[in-house]
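Chemist: Residue numbers (my numbering): 613 to 711.
Everything labelled a hint here was simulated from the structure, so no lab data went into it.
It is possible that some hints are incorrect.
Claimed, not checked - In silico SDA-like pairs for lysine to any residue, Cα to Cα no more than 25 Å straight-line:
hint, residue 1, residue 2
1, K661, G629
2, K698, Q685
3, K655, P672
4, K661, L706
5, K654, P697
6, K667, A631
7, K655, P640
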Amino acid sequence: MGGTGFEGSLFLEFENGGALWQLSWRTPEPGVTLYRWSYRRKKPNASWKERAAQKAEELPREEIEQRGELAEQAIRAAYEGSERPKGFQGQVYLPVDCR
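Let's have the full structure, built from the sequences with the hints guiding it.
Modeler: Right, dumping it as structure tokens:
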């Protein structure tokens, strides 16, 4: 049986700064985990931390369709410590306590 009060997020940066996606999760009740994808607009010469502090916006459907599978592969590779998927030029920023 799952607990409550768990929450976190991770970031994916595509195209070396061209797009910054965020996956957030929380557990409002035992056995239920809610997930939310959002993104930050491109901001030239900003660090990923500055971009992460930007206002989150809903992830456009066309971008989800274009990069969704690649995002999943990149997250799996980051958690497993395996090779990045072909075509992924960017970074995955994991929460410190998830490795």
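Chemist: Tell me the hint numbers this structure goes against, listed in increasing order.
Modeler: 7
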